[in-house]
Every structure is written in structure tokens, then in C-alpha cells.
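K.L.:
Chains A and B supply the protein sequences, listed in that same order. Just so it is clear: in the first sequence, position 52 is 52 by full-length UniProt numbering, and no numbers are missing. Just so it is clear: in the second sequence, position 293 is 293 by full-length UniProt numbering, and no numbers are missing.
Check the hints yourself; a few may be wrong.
Repeated chains share a single entry, so a pair holds when one copy, or any two copies, can fit it.
Dumping the calculated DSSO-like pairs for lysine-lysine here, alpha-carbon to alpha-carbon at most 27 Å [as the list claims (entries may be wrong)]: (1) 181 x 382; (2) 361 x 272; (3) 42 x 382; (4) 42 x 272; (5) 35 x 382; (6) 272 x 181; (7) 35 x 181; (8) 272 x 35; (9) 361 x 42; (10) 382 x 272; (11) 42 x 181; (12) 177 x 272; (13) 177 x 42; (14) 361 x 181; (15) 361 x 177; (16) 35 x 361; (17) 35 x 177; (18) 361 x 382.
These are computed hints drawn from the structure, not numbers from a lab. On a predicted model such as this, the values are computed, not experimentally measured, just so you know.
There are 2 protein chains.
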Amino acid sequence: MTDLFARHRRMLEDAVQALHARRFWTPFPEVPSGKIYGETAKLDGDAAYAALLGRGFVLPGHPEQRRLGTEVSPWGEALRITYPAADAPALIAAAQGAADALASAGVETRVGACLEILVRLNRISFLLGHATMHTTGQAFAMAFQAGGPHAQDRGLEAVAVAWAEMTRYADAARWEKPQGKAAALVIDKHWTLVPAGISLAIGCNTFPTWNSYPGIFASLATGNPVIVKPHPAAILPLALTVQVARGVLAEAGLPADAILLAVDEPGAEITKPLASDPAVRLIDYTGSSAFGAWLRENARQAQIFTEETGVNSVVIAAADDFDGMCANLAFSLSLYSGQMCTSPQNLYVPAQGIDTDQGHKSFDQVAAGLAQAIDTLLADPKQAAGICGAIANPATRDRVARARDQGRVVRDGTPLLLAVEADAPVAQDECFGPVAFLIPCADADDGIARAADLAAARGAITAALYDTDDARIRRAVAAFARAGVNLSVNLTGNIFVNQSAAFSDFHVTGANPAGNASLTDTAFVATRFRRVMWRRPAAAPA
Amino acid sequence: MTDLFARHRRMLEDAVQALHARRFWTPFPEVPSGKIYGETAKLDGDAAYAALLGRGFVLPGHPEQRRLGTEVSPWGEALRITYPAADAPALIAAAQGAADALASAGVETRVGACLEILVRLNRISFLLGHATMHTTGQAFAMAFQAGGPHAQDRGLEAVAVAWAEMTRYADAARWEKPQGKAAALVIDKHWTLVPAGISLAIGCNTFPTWNSYPGIFASLATGNPVIVKPHPAAILPLALTVQVARGVLAEAGLPADAILLAVDEPGAEITKPLASDPAVRLIDYTGSSAFGAWLRENARQAQIFTEETGVNSVVIAAADDFDGMCANLAFSLSLYSGQMCTSPQNLYVPAQGIDTDQGHKSFDQVAAGLAQAIDTLLADPKQAAGICGAIANPATRDRVARARDQGRVVRDGTPLLLAVEADAPVAQDECFGPVAFLIPCADADDGIARAADLAAARGAITAALYDTDDARIRRAVAAFARAGVNLSVNLTGNIFVNQSAAFSDFHVTGANPAGNASLTDTAFVATRFRRVMWRRPAAAPA
Numbered sequence: 001m002t003d004l005f006a007r008h009r010r011m012l013e014d015a016v017q018a019l020h021a022r023r024f025w026t027p028f029p030e031v032p033s034g035k036i037y038g039e040t041a042k043l044d045g046d047a048a049y050a051a052l053l054g055r056g057f058v059l060p061g062h063p064e065q066r067r068l069g070t071e072v073s074p075w076g077e078a079l080r081i082t083y084p085a086a087d088a089p090a091l092i093a094a095a096q097g098a099a100d101a102l103a104s105a106g107v108e109t110r111v112g113a114c115l116e117i118l119v120r121l122n123r124i125s126f127l128l129g130h131a132t133m134h135t136t137g138q139a140f141a142m143a144f145q146a147g148g149p150h151a152q153d154r155g156l157e158a159v160a161v162a163w164a165e166m167t168r169y170a171d172a173a174r175w176e177k178p179q180g181k182a183a184a185l186v187i188d189k190h191w192t193l194v195p196a197g198i199s200l201a202i203g204c205n206t207f208p209t210w211n212s213y214p215g216i217f218a219s220l221a222t223g224n225p226v227i228v229k230p231h232p233a234a235i236l237p238l239a240l241t242v243q244v245a246r247g248v249l250a251e252a253g254l255p256a257d258a259i260l261l262a263v264d265e266p267g268a269e270i271t272k273p274l275a276s277d278p279a280v281r282l283i284d285y286t287g288s289s290a291f292g293a294w295l296r297e298n299a300r301q302a303q304i305f306t307e308e309t310g311v312n313s314v315v316i317a318a319a320d321d322f323d324g325m326c327a328n329l330a331f332s333l334s335l336y337s338g339q340m341c342t343s344p345q346n347l348y349v350p351a352q353g354i355d356t357d358q359g360h361k362s363f364d365q366v367a368a369g370l371a372q373a374i375d376t377l378l379a380d381p382k383q384a385a386g387i388c389g390a391i392a393n394p395a396t397r398d399r400v401a402r403a404r405d406q407g408r409v410v411r412d413g414t415p416l417l418l419a420v421e422a423d424a425p426v427a428q429d430e431c432f433g434p435v436a437f438l439i440p441c442a443d444a445d446d447g448i449a450r451a452a453d454l455a456a457a458r459g460a461i462t463a464a465l466y467d468t469d470d471a472r473i474r475r476a477v478a479a480f481a482r483a484g485v486n487l488s489v490n491l492t493g494n495i496f497v498n499q500s501a502a503f504s505d506f507h508v509t510g511a512n513p514a515g516n517a518s519l520t521d522t523a524f525v526a527t528r529f530r531r532v533m534w535r536r537p538a539a540a541p542a
Numbered sequence: 001m002t003d004l005f006a007r008h009r010r011m012l013e014d015a016v017q018a019l020h021a022r023r024f025w026t027p028f029p030e031v032p033s034g035k036i037y038g039e040t041a042k043l044d045g046d047a048a049y050a051a052l053l054g055r056g057f058v059l060p061g062h063p064e065q066r067r068l069g070t071e072v073s074p075w076g077e078a079l080r081i082t083y084p085a086a087d088a089p090a091l092i093a094a095a096q097g098a099a100d101a102l103a104s105a106g107v108e109t110r111v112g113a114c115l116e117i118l119v120r121l122n123r124i125s126f127l128l129g130h131a132t133m134h135t136t137g138q139a140f141a142m143a144f145q146a147g148g149p150h151a152q153d154r155g156l157e158a159v160a161v162a163w164a165e166m167t168r169y170a171d172a173a174r175w176e177k178p179q180g181k182a183a184a185l186v187i188d189k190h191w192t193l194v195p196a197g198i199s200l201a202i203g204c205n206t207f208p209t210w211n212s213y214p215g216i217f218a219s220l221a222t223g224n225p226v227i228v229k230p231h232p233a234a235i236l237p238l239a240l241t242v243q244v245a246r247g248v249l250a251e252a253g254l255p256a257d258a259i260l261l262a263v264d265e266p267g268a269e270i271t272k273p274l275a276s277d278p279a280v281r282l283i284d285y286t287g288s289s290a291f292g293a294w295l296r297e298n299a300r301q302a303q304i305f306t307e308e309t310g311v312n313s314v315v316i317a318a319a320d321d322f323d324g325m326c327a328n329l330a331f332s333l334s335l336y337s338g339q340m341c342t343s344p345q346n347l348y349v350p351a352q353g354i355d356t357d358q359g360h361k362s363f364d365q366v367a368a369g370l371a372q373a374i375d376t377l378l379a380d381p382k383q384a385a386g387i388c389g390a391i392a393n394p395a396t397r398d399r400v401a402r403a404r405d406q407g408r409v410v411r412d413g414t415p416l417l418l419a420v421e422a423d424a425p426v427a428q429d430e431c432f433g434p435v436a437f438l439i440p441c442a443d444a445d446d447g448i449a450r451a452a453d454l455a456a457a458r459g460a461i462t463a464a465l466y467d468t469d470d471a472r473i474r475r476a477v478a479a480f481a482r483a484g485v486n487l488s489v490n491l492t493g494n495i496f497v498n499q500s501a502a503f504s505d506f507h508v509t510g511a512n513p514a515g516n517a518s519l520t521d522t523a524f525v526a527t528r529f530r531r532v533m534w535r536r537p538a539a540a541p542a
């Protein structure tokens with residue numbers, strides 16, 4: 001059954017080409033427009049979301065021992081959706097039951113099914129937008145993009161990398177070794193792709209689809225049954241994903257149980273028994289380094305792909321467009337209330353101030369310029385809500401409240417701007433949420449060194465630099481490269497350090513403690529399967 | 001300095017093509033012939049080896065705190081060579097001193113240097129043959145091949161895979177995102193390859209170069225300084241390698257300390273302090289699973305690539321060429337006295353016997369046929385020495401002596417053939433050395449299941465099957481694939497289950513406990529470096 005593969009082959013080939021070229025490309029439009037998604041798409045999405053609320057979520061044939069689900073929208077409303085739930089042994093058994101059929105299906109069958117799943121998810125992007133909005137607190141426009149097309153891009157990217165790697169080497173070869181005057185030795189060899197085992201995708205609260213799709217699709221494409229374990233506060237986007245995927249798998253003649261939903265509730269998570277089960281050989285995890293460390297200690301039977309805690313920094317060395325810089329940073333700091341793994345946290349500014357197109361600016365003037373830019377950006381309450389969204393998790397609010405006492409308040413509210421000393425404990429670690437620290441440094445090179453050292457020691461996913469000195473920019477490029485962190489220089493206008501585009505930006509480098517997995521490089525897929533050969537002498541030549 | 005790259009570019013491209021096609025290819029002839037290596041090559045090699053004995057080995061500029069070396073040839077002679085030795089901190093410091101220059105050298109510079117190193121090693125293959133013979137106990141012809149051209153092939157293969165992966169994605173791109181009627185967003189992106197850190201190659205006694213070259217060359221090509229830690233009984237082949245490599249690196253303008261020799265003595269190994277040093281981020285290891293487990297527990301800061309213990313099996317289900325089968329197995333069991341990670345150990349034979357081209361053969365008749373074939377093969381003492389070589393390590397002799405009591409002797413001597421029951425403890429684990437166990441099974445499918453189960457549980461690098469039933473062969477192919485072990489079917493004549501050819505056979509699958517690394521697949525190189533980006537808005541279009 002490879003007609004799904006044939007149907008989507010062109011998209012796959014374009015995706016492979018795109019990821020080699022690293023230029024802009026996407027088959028999944030990010031604009032939530034009726035002209036693209038169909039005139040009724042928005043209303044259909046509204047209605048579909050409304051129809052889910054207060055009901056039992058339907059996953060035909062899925063293991064079910066009870067129903068669980070206590071999601072409450074950060075925007076206020078309880079979702080009152082219950083999901084089929086089963087304990088770890090039941091989910092493992094179901095995944096094992098699907099393993100052989102998934103492994104022995106051809107590469108094209110699996111890849112074709114993955115591509116069809118992504119295309120069908122794209123069609124319900126409005127529904128996924130609502131589901132993401134009401135589990136993460138993102139405003140709708142962002143939830144549509146990050147929960148829908150941008151996540152689908154990342155899923156497709158993983159399928160494309162997996163496809164490229166699975167087909168990289170010949171799957172059969174005749175090996176003829178010359179023997180001087182004697183007849184050549186002739187051996188026929190055949191290689192089979194053998195999947196690693198059961199794959200566990202541990203989702204996060206803030207980007208349930210975007211952060212989970214790469215692992216889910218990389219594992220599924222390479223033949224590993226996937227147990228999807230959503231954050232208990234953000235189940236719906238992944239439940240919809242599993243629902244669509246199971247439907248496509250069944251239509252493609254593959255076992256629906258090749259993808260399963262592991263639902264639990266806060267305080268009664270089943271992540272640990274799942275992760276430490278000997279049958280689980282792959283774990284994709286997004287979350288705190290504390291739980292990452294638990295996984296490394298307790299799930300040693302598995303390969304673990306992580307995105308973890310980090311401290312993202314901005315070094316403000318000089319500005320040839322001070323207002324543009326402040327406006328750009330104001331947006332980066334405000335977007336989704338700093339609840340992005342790519343949000344800046346530490347802003348290093350020379351204590352003596354900086355040179356700008358508006359003349360010299362003191363440390364306090366830089367701070368005031370940033371605060372003013374945020375005030376301007378968020379002056380309109382409706383626009384502010386559209387940018388900041390809502391806080392996904394009460395713990396985030398508490399964390400920021402605790403941080404507030406540890407510095408001088410430069411701007412109160414969301415986002416909070418605090419001036420702190422470079423060695424302040426609060427600035428040495430991730431303080432996830434709407435807070436940033438303005439930190440005086442001796443000079444720009446000192447700021448670069450501090451930011452890079454912190455990235456190397458504590459992890460970082462993004463770094464930004466504003467500067468006008470080419471030689472210093474080169475030094476910063478080298479320093480952040482050594483620290484394994486992607487650097488954005490002099491961003492103004494409508495492109496932000498937080499943004500990471502599939503097929504072009506590798507998300508997380510894997511080269512510092514913020515994660516060992518890079519979305520989506522070859523290493524992310526290469527060990528999800530192995531090549532096993534059988535060989536025998538060729539029939540004697542006629 | 002990329003003229004080395006230009007000089008060898010054609011060979012590199014041919015290598016990349018070969019590893020994709022998996023057909024026979026090598027640039028390094030395996031025949032120790034003067035016609036190929038030069039009329040005086042043999043005499044030059046003899047003389048060069050003689051000149052090394054009893055002297056201090058020269059490694060200009062290498063860290064040296066003392067001189068060590070107690071190698072004794074398994075053929076009898078003490079080498080009396082001393083090598084410059086330094087403790088772990090000194091070696092780590094020297095490697096760190098070389099790291100930046102190696103990392104910032106271009107890919108072509110590093111790859112060009114690696115290729116030149118391999119070509120120069122090829123030129124001294126006769127010397128490497130002597131060095132390998134007198135540290136491993138291999139007979140000269142095998143030592144020449146395995147220590148010389150075959151090892152060089154594996155090194156080149158690693159360089160080719162590393163090159164392919166390092167150049168797989170664009171290193172710069174202009175990303176232009178359409179913005180409807182507004183001007184497109186245009187960002188210029190640049191990617192730098194960032195090496196993982198210091199690499200440690202832990203060599204083994206039996207194949208010091210063949211097993212170590214892939215890790216050494218994969219790490220060096222991807223920019224990681226390599227500390228080469230030979231087995232204390234097999235230093236010389238790797239010391240020669242380091243000597244050649246340091247010379248080429250210096251000529252290429254790279255730091256000689258990008259490759260270092262870590263010499264120690266039996267009972268005073270420095271492997272543990274090296275492996276557990278925080279700066280060591282890559283470890284390539286060939287050896288026992290016991291020490292592999294130590295590394296996993298104590299070198300958790302490093303990625304660990306291993307080849308470990310396993311139990312290789314042969315299932316004798318039926319034979320359409322009984323004499324050919326026995327002769328083939330006799331050679332496989334005798335070659336280098338079973339001291340190969342690919343040597344068969346457990347031979348499963350149906351208790352009721354098998355069908356052959358010579359009629360039905362009972363279990364005992366199969367056993368006698370094998371014993372007779374070995375006797376014939378090794379009847380001539382000179383030929384026997386050329387095949388069996390010498391025992392590398394006294395522990396191997398002791399191990400086989402202990403095994404002798406645990407079964408019924410079918411053939412005494414080297415190799416020893418014992419008949420044991422399927423559940424005999426001695427047959428459940430690797431018994432490294434010249435011994436094989438003839439094991440009665442209920443029928444051929446039972447033998448296949450036992451062999452595959454043992455491979456999955458205890459590891460295996462090779463499996464072999466003799467059978468005439470196509471359906472059963474298919475079942476065996478599937479069973480051994482699930483167990484992650486490469487299978488050879490019906491080998492007779494001059495091709496043996498022990499043999500693993502670079503550019504065609506992936507050596508070790510990584511899919512069972514016999515090792516997590518496959519020589520040489522993409523996963524072997526993909527995490528030895530990371531991609532780090534910097535990006536900035538493109539200059540406004542004119």
C-alpha cells in the first residue's frame with residue numbers, strides 16, 4: 001500500500017531538497033486565512049473545538065482502562081474532556097503488538113502514512129489552533145501557527161531526514177571481489193532496516209505539537225511504535241494528532257496501535273514507569289533539566305533525545321538603530337510572555353553604556369528605552385493579549401514573583417524587567433516566564449564572554465547580539481559557536497531571535513546543556529533504526 | 001592548505017560512491033606483493049621493523065614524562081621498544097592545546113590530512129604487517145592485510161562518511177520569507193561545524209589498527225583531537241600510526257598534538273582516568289562488555305561507541321555441499337585461532353542429524369566431518385601456523401583450557417571442538433579463543449531460535465546458516481535481523497563468515513549487545529560534531 005507515498009512524493013522530495021539548501025520553504029501556509037484553508041475553515045474549526053468540550057474524546061480501538069483529563073484553559077474555561085487512559089504495561093503491550101507489522105511494512109508505506117497524517121493535520125489547523133490556545137495560553141494567531149503549520153513543518157522535516165537516511169545506502173548489492181586469474185568471489189547482500197524499539201514522546205505544556213512532532217514522526221517513519229505522553233495540562237493537541245494518525249495508519253493497512261496516547265493527571269504522571277520500561281528504546285523529551293537528569297539516570301536502556309533548560313542571552317554592544325533594536329527586543333521579550341525555550345532572559349549591557357545612532361546611551365537609558373518600547377508595544381490591551389497570551393502554568397507566575405525581589409525593577413508587569421548584577425544567582429539559571437534581567441558588564445567583550453560561558457555551562461538555545469563593530473561581531477560569532485548556541489545579529493523589524501524556521505534553522509544545536517538533540521539533523525534519526533545484512537554466494541554464473 | 005585535499009579528492013569521491021553502492025571497492029591492495037608496493041617494499045619493511053626493536057620510539061614533540069613499553073611478540077621475541085609516556089592530565093592538556101586550531105581548520109584541510117595519513121600508512125604496510133604480527137600473534141599474511149590495507153580501508157571509510165555528513169547541508173543560505181505585499185524578510189545564515197571535544201580511542205590486543213582506525217579517523221576528520229590508547233601488549237601498530245599522523249598534521253599546518261599516544265603497561269593502565277576526564281567527549285572502545293559497562297557507568301560525560309563481547313553462532317540445518325561446508329567452517333574456526341570478534345563459537349546441529357548431498361548425516365557424523373576438515377586444513381605445520389597464528393594473550397589459553405572440561409572433546413588442539421548441551425553455561429557467553437561448541441538442537445528452527453535469542457541477549461557480530469530450505473532460510477533471515485546480527489548463508493569456497501569488507505559490510509549492527517557502533521554508518525560520525533548558526537538581516541537590496 002504505497003499510494004499515499006506516491007501521492008506525497010513530490011512534497012517529500014521538495015522537503016529533502018529544502019533541508020539541504022536551508023532556504024525558506026514550507027508546504028503548510030502559516031496564515032490562518034479562509035482563502036488558503038477554505039472559506040469555512042475558521043467556522044469549522046470553531047465548531048469542531050466546541051463539539052469536543054465536555055465530552056469523551058474518541059480514539060477507536062485505543063487501550064482504555066479509565067477516563068482521565070482535567071485540562072483548564074489558561075484563558076479561563078475548563079475543557080471537561082476525558083481521554084481513554086491505560087497504565088504503562090497496557091500501553092507497552094499494545095505498542096509491542098504493533099511493532100512487527102510496523103517494522104516489516106516497507107519504508108515507503110510508513111513514510112507515505114506519515115506524510116498523509118501531516119497533510120490531514122494541516123487541514124484541521126484551525127481546530128489545532130484552538131486546542132493549542134486553550135492548553136498553552138498562546139493567543140490564537142500564535143497557537144494556529146505554532147500548533148498547526150509550524151509544527152507540521154517540523155514533523156515533515158523529521159520525515160524527510162528519516163527518509164533520506166533510510167534510503168542513503170543501497171539495500172542490496174552484488175559484491176564481486178577479483179581473485180587474480182581465478183574467478184571472482186561473488187556475494188549477494190541484502191540489508192533490512194531494524195527499528196530500535198518502542199519510542200516515547202514526552203510532551204511539554206507550552207508547545208505540545210511543535211516540540212513533539214519531530215520525535216513522533218522520526219520514530220514512526222523509521223518503524224518504531226510511538227507512545228505519546230502529553231503534559232497533563234496540554235493533552236488535546238496531541239490527542240487530536242494521535243486520533244488523525246491512528247485513522248491514517250489503519251487506512252494504510254498499518255496497526256493503529258503504532259501510535260498511542262498516554263494520558264495522566266497532574267501529580268499522578270505515568271512518565272516514569274513508561275520511560276524506565278525495558279521495551280522503551282527511544283525517548284524524546286522536552287522539559288526541565290531536572291527531569292532530564294532523572295531520565296538519564298533511570299532510563300539507561302533508551303536513547304534519550306532532549307531539549308532542556310537554558311539561559312538565552314542578548315548582548316547589547318552598540319546599535320545603529322536604537323529604536324528598531326528596542327522594538328525588536330520588546331517583542332521578543334513579550335511574545336507568549338517569555339514562555340518560549342527561545343525567549344531571551346539575560347540582557348548584557350556595558351556598565352558605561354553604548355554608542356547608538358542616537359548618540360551615547362547610558363546603561364539606564366538603554367534600560368529605559370527597552371521598557372518604553374515594551375510599554376508602547378503593549379499599550380493596547382487587545383494587542384497586548386494577542387502578543388503575550390496567557391500564563392500556561394501557575395508555577396510560572398510564582399517563579400517570576402519570587403525573582404522580582406532579586407533585582408531593581410526597571411519595568412513592572414508582563415514582561416518584568418529587572419536590573420541585576422552579573423553574578424546574581426537568579427541570572428545564572430533559567431527563570432522560565434515573563435522576566436528578563438538587565439545585567440551591567442565591563443564592556444561588550446565581557447558581556448559576550450559572560451553570555452557564552454553561561455550558555456556553555458547552563459545551556460542556551462538562542463543568543464542575540466547588537467553591535468556595529470565587525471571585528472567584535474566576528475569574535476562573538478566564534479565565542480557563541482564554541483558555546484554551541486545559535487546567534488542572531490542586529491535583528492530589527494519583523495524577525496525575532498525567538499523564531500526558528502523548519503528546513504532552515506536547526507533548533508537546539510546539541511552542543512550545550514540545553515539539549516542533546518537538534519531539530520532536525522541526521523543524528524536525530526540515524527540511531528532510530530539499524531541496518532542488518534544477510535548475504536550468500538551468488539548463483540554460479542551461467 | 002588544501003592541496004592534500006585536492007591531491008586525494010578523487011579517492012574520496014570514489015569512496016563516497018562506494019559506500020553508497022556497497023559493492024566491492026578498495027584503493028589499498030591487500031596482496032603483499034612487490035609488484036604493487038614496490039620491489040623493495042618487503043625488504044624495506046623487514047629492515048624498518050628490525051631497526052625499531054630495542055630502541056626508543058621517536059615521536060617528536062610528544063608529551064613525555066617517562067618511557068614505557070613491555071611488548072613481547074606472541075611469536076616469542078620481546079620487542080624492547082620504549083615509547084614516550086605521559087599521565088592523563090598531561091595528555092588531556094596537550095589535546096586541549098590542539099583543539100582550537102584543529103576545529104577552526106577547514107573541513108577540506110582536515111579531510112585532506114586524514115587522506116594523506118592513510119596513503120602514507122598504506123606505503124608502510126609491510127612494516128605495519130610486522131608490527132601487527134608481533135603484537136597480535138597473527139601470521140604475517142593476515143597481519144599485513146588486517147593491520148595494513150584492510151585497516152586503511154576502514155579508516156578511509158570513516159573519513160568518507162564524515163566528509164559526506166559534514167558537507168551534507170549548506171554551510172550558508174539566504175532565507176527569504178515572503179510577506180504578502182510587503183517586502184520579503186531576508187536573512188543571511190552561516191553554519192559552523194563545532195567538534196564534540198577530546199576523543200579517546202581505546203585499542204584492543206588483537207586488531208589494534210583495524211578496530212581503532214574508524215574512531216580515530218572519524219574524530220580527526222570532524223575536528224576532535226584524538227588520544228590513542230593502545231592495549232599495552234599491542235602498542236607498536238598504533239604508535240606507528242600516530243607517528244605518521246603527527247608528521248602529516250604538522251606538514252599540513254595543523255597541530256601535531258591533534259593526535260597523541262597514551263602508553264601504559266599491563267596492570268597500570270591509564271584508561272580510566274582518561275575516559276572519565278570531563279574534557280573527553282567521545283570514546284571509541286573495542287573490548288570486553290565488562291569494561292564497556294565500566295565506561296557507561298563512569299564516563300557518562302562522553303558519547304561511547306563500542307564493540308563488545310558476543311556469541312557468534314552457526315546453524316547447520318542441511319548442506320548441499322557437505323565437504324565444502326566443513327572446509328569453509330574449518331577455516332573460519334581456525335583462522336587466527338578464533339581470536340576474531342567475528343569467529344563462530346556455537347554450532348547448532350539438529351540432534352537427529354541433517355540431510356546433505358552425501359545423504360543423511362547424524363550429529364556425530366557432522367561433528368566428525370568438521371573435525372576431519374580441520375585436521376586436513378592444519379595437517380601441514382607451516383600452513384597451520386599461517387592460518388592459526390599465535391595466541392595473543394595467555395588468558396586466552398587459560399580460558400580455553402577451562403572450557404575443555406565442560407564438554408565432550410570432538411577434536412582436541414587448536415581449535416578445540418567440544419560437544420555440549422544447549423543450556424551448558426559455557427555456551428551462553430563469549431569464550432574468546434580457539435574453541436567452538438557443537439550443540440544439539442531439536443531441529444533446525446530450534447537452532448535458529450536459540451542462536452538468534454542468544455545474539456539478542458548476549459550480543460553477536462556474525463551468524464551463519466547452512467540450509468537448503470528456502471522457506472526456512474527466509475525465517476532465519478527474519479529471526480537474525482530481529483536479533484540485529486548479520487547472517488551469512490551457505491558460504492563455501494574462499495569467503496568466510498569472519499570476513500567483513502569496508503565499503504560494503506557494516507561491521508557490527510549496533511542493534512544487539514555486541515556493540516552500539518556500526519562501522520561505518522552515519523550514526524558513527526553524526527554526533528562527533530554539531531552545527532552552530534549565526535544569522536543576520538541581509539543588507540537592504542539595492
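K.L.:
Which earlier hints can't be squared with this structure?
P.N.:
When the structure is compared with the hints, numbers 2, 4, 6, 8, 9, 10, 12, 14, 15, 16 and 18 turn out to be violated.
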